[in-house]
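We have chain A already, so just place chain B on it with the hints.
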Amino acid sequence: MSAATLAPAPAPAPAHPARLRVTSGKERRFFTAALVVIVGATALTTWITGFNPLEAVGGMPNALQFIAADYFPPTVNNAGLLTSALIETVALALTSTLIAAVLAFLAALIGCRAVSPIPWASPVIRGLATFIRNVPDLVWAVILFTAMGFGFHVGFAALTLGTFGFLVRAFIESMDEVSADTTETLAAVGANFPQRVMQSIVPSFTKDFIAWFLYCIEVSIRGATVVGMLGGGGVGMLLNGELGLARWRPRAMGTILILAALVIAVDLLTSYLRKKLLNPSATESVTAEHRDTVVVVRGGRIAIKKRGRDRAVHLFLISALLLSLAAFLPIRDASWGRLFTDIPGLSLTLVELGTLDFSAWSRIWTAFLDTMGIAVLSTVYSAVLALLIAPFATRNLIRNPVSPALITSVATLIRTVPNPVLVMMAIAPFGLGVVPGIIGMTLSSTAFFVRVFVQGYEDVPDETIEALQATGANRMVVFMGAMLPASRSHMVAWIGMRFEMNFMGSAILGMVGAGGVGAVIREAVLGRRLGVAGVAILLVFLFAFALEQGMAKIKRTYIR
Amino acid sequence: MADTLQRPTETPAADPAGADTVLSVQRISKTYPNGTKALRDVSFDVRRGEFIAVIGPSGSGKSTLMRSLNRLVDVTSGTVLVDGEDLTKAGGARLRAVRRRVGMVFQHANLVGRLTVLQNVLHGRLGHIGTFAGMFGRYTEADKQTAVELLGEIELGEHMYNRAAELSGGQKQRVGIARAIIQDPSVLLCDEPIASLDPSVSKVIMDMIFQMATSRNITAIVNLHQIDVALRYATRIIGMHKGQIVFDGPPAELTKETIELIYDTPIEELMIGEELQR
Chain A
1 MSAATLAPAP APAPAHPARL RVTSGKERRF FTAALVVIVG ATALTTWITG FNPLEAVGGM
61 PNALQFIAAD YFPPTVNNAG LLTSALIETV ALALTSTLIA AVLAFLAALI GCRAVSPIPW
121 ASPVIRGLAT FIRNVPDLVW AVILFTAMGF GFHVGFAALT LGTFGFLVRA FIESMDEVSA
181 DTTETLAAVG ANFPQRVMQS IVPSFTKDFI AWFLYCIEVS IRGATVVGML GGGGVGMLLN
241 GELGLARWRP RAMGTILILA ALVIAVDLLT SYLRKKLLNP SATESVTAEH RDTVVVVRGG
301 RIAIKKRGRD RAVHLFLISA LLLSLAAFLP IRDASWGRLF TDIPGLSLTL VELGTLDFSA
361 WSRIWTAFLD TMGIAVLSTV YSAVLALLIA PFATRNLIRN PVSPALITSV ATLIRTVPNP
421 VLVMMAIAPF GLGVVPGIIG MTLSSTAFFV RVFVQGYEDV PDETIEALQA TGANRMVVFM
481 GAMLPASRSH MVAWIGMRFE MNFMGSAILG MVGAGGVGAV IREAVLGRRL GVAGVAILLV
541 FLFAFALEQG MAKIKRTYIR
Chain B
1 MADTLQRPTE TPAADPAGAD TVLSVQRISK TYPNGTKALR DVSFDVRRGE FIAVIGPSGS
61 GKSTLMRSLN RLVDVTSGTV LVDGEDLTKA GGARLRAVRR RVGMVFQHAN LVGRLTVLQN
121 VLHGRLGHIG TFAGMFGRYT EADKQTAVEL LGEIELGEHM YNRAAELSGG QKQRVGIARA
181 IIQDPSVLLC DEPIASLDPS VSKVIMDMIF QMATSRNITA IVNLHQIDVA LRYATRIIGM
241 HKGQIVFDGP PAELTKETIE LIYDTPIEEL MIGEELQR
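As given, the protein sequences belong to chains A and B, one line each in that order. Those letters in the first sequence? Residues 1 to 560, per the working numbering, in order. Those letters in the second sequence? Residues 1 to 278, per the working numbering, in order.
Since the hints were derived computationally from the structure, they do not count as laboratory data. Warning: the hint list may mix true and false statements.
To be verified - Calculated cross-link-like contacts (lysine-lysine; reagent style DSSO-like; alpha-carbon spacing at most 27 Å):
1. 306/A / 144/B
2. 207/A / 305/A
3. 305/A / 144/B
4. 207/A / 306/A
Said to hold, decoys possible - Just so you have them, the derived chain B footprint on chain A, three or more residues with Cβ under 8 Å:
5. 188-199
6. 296-302
Note that this is a predicted model, so its numbers are computed, not measured. Positions of the beta carbon are idealized from the N, C-alpha and C atoms, including for glycine.
Just chain A, same shape as in the assembly (with noise of 0.2 Å):
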């Protein structure tokens, strides 16, 4: 500072001296708009929707003790049935996962700039995959359902097929990241396309294929039962029978628990197997400490590598290999030749859809802006709500244990049941429309908010919490002053990614019997009206993409 800004300032102090800001302008731009975004958001969709938050919570007790009524005590009575169903649908997630990621892979080498063979193809590849995951999976089943008639096999397409779409962009993100120095090396070693891809590309890439495989049969778990309940088979279409029937709930509650308890199964199993495969200090049990002069000859010939080096990837990468495979055998009423005779169908249904007709757009966009009300209601309260219960998860904010394991628990066993089940078990108290479906993703997305908040307020260190504490401060500063400013950058995160979610999530509702553009999409398609199809479908596709394309800016620029 200079001695000419120490000196008095000669003009008349204003009346209200400007207060000394002690965050970046930026920073405040930025929160400031999207707090007032968010409000304007929520207004605007309150009154298209005409959904009142207070009457839904009003409303509560009564449809607890509908449900209790209706879904108690759950019983498991079907249990030969039960079994076969879940066995079927978790051998639809595992093979739609494998082949999806196989199909990816490929896909993924053309799709890298920094890899690809042939760089013109890259865009064509990466647009198709974009265009793919901006359409609901659920709507990508429906088109399939209505081309190639029902059966797994056209559940296991339609899971593929999404799953396909998320992995082209994750493996071309993991490329980009991992491999694209070193196949630029091998290029100029002389190596050609085949070897750089086996020398360079896969040994640096299989943990991220390993992380994000077991990330899909997380998601195609919750996936292929939802797929079922439209038309694929296993335990959705058990579930989905059972709850329309009033005199099976109790049976469907059951059948939830179990699902519930094998998909926290396959969740544990998971992040066991990510702990074990994943984390380097875990694997790397041969550090540079270990040392030998000596060269390895084996059968007279040299050896490149040490034998036992990644025991346990090769056998997770095997296993996972047969693993997928026999789960072809417990599918049996699937035609899979059907795939490829039904192509010509499907080519021309597809050929249908882009037939756009708009003879109902005004129906289109009065359901596309009620599946939008649903979107935004239900993350701004799940959102507002996490922030209120989170604190009481916090293990390094609360001293007592109990509160901490009881939300998490109880978050935890709604994570577990698909958002359409949620939605479904709203519809019998509070009628059809948006007003179930509100409820339901608010439900799912508040369980959601209330982990990745958790994560976020844990992650800040005990020593800072220590340092806070040691100044005076207690627990309400603590929280106030490290740790909400510590994640709240990911938190606004957190809530865009589960806005795209949850825009999706609402555009399928109406497939189940809430209210929103899938029900046009679901009427339409059954009436074979495909243009009309066509256009919802183009509409929730351009809105999904211009989110994505949004949310990806916002977090370049704001978030670190």
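Just chain B, lined up with the frame of chain A:
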């Protein structure tokens, strides 16, 4: 290893111009899609055994020049002849054949971290062996023997079976050099080989590049940020400014005025050794 605090002895008297040319760069230009003109009408010939340092400020086109010499970057116009063969027109198998005569050392070594040090050195042979052998790492015993010997030469024999990711920055760069040398190249390109290493490791790496190249009669072209390093090792210096060659000659002819021209900055503003400000 030779004591290189003094300038290493010069290579034997140069052949008459054009007699033993390994690399001929003829009027190449490169304009990137975003409009950046990275190279403007660059020409020079390189004879066998030369040790060339390319100096110039960031963005002067040094890296693009390197990458045009093995066609990691496609030039917009002009030709590059490697051992008399036109690199700019080669495609497929012929491009691979030309590329394996040009070794390259990168700033960050670019090793495949999950593979062993030995596997990374053997990557240099990929251009010489069949597609399937290369895909599944079936190298010949002779290649493996050479790789083991090279690892001894760079003093990393004991790390042969370690993952490349476990090595330090300087060790990685040594492996990067071995990978380029096992290619048996006529020309060795080094793109800022010491830019991210500390001074003592930098000396080891530069000594190693110099020793490997001169003992095998390989021509080396090295991009450098440090003028003093360039003066210590090079038999010829090329100075670049805004995509053009503004100086091309022996180190003795590199004057204060030339350095100011290359860096577009008064010499007092440059962080270089006092002895250079003559």
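Here is what the structure says about each hint:
1. 306/A / 144/B: 15 Å, holds
2. 207/A / 305/A: 18 Å, holds
3. 305/A / 144/B: 12 Å, holds
4. 207/A / 306/A: The given pair, whose Cα atoms are some 19 Å apart, holds under the 27 Å limit.
5. 188-199: Held - the segment 188-199 of chain A has 10 residues with a Cβ nearer than 8 Å to chain B, which meets the minimum of three.
6. 296-302: holds (count 3)
Checked against the numbered hints above, the structure breaks none of them.
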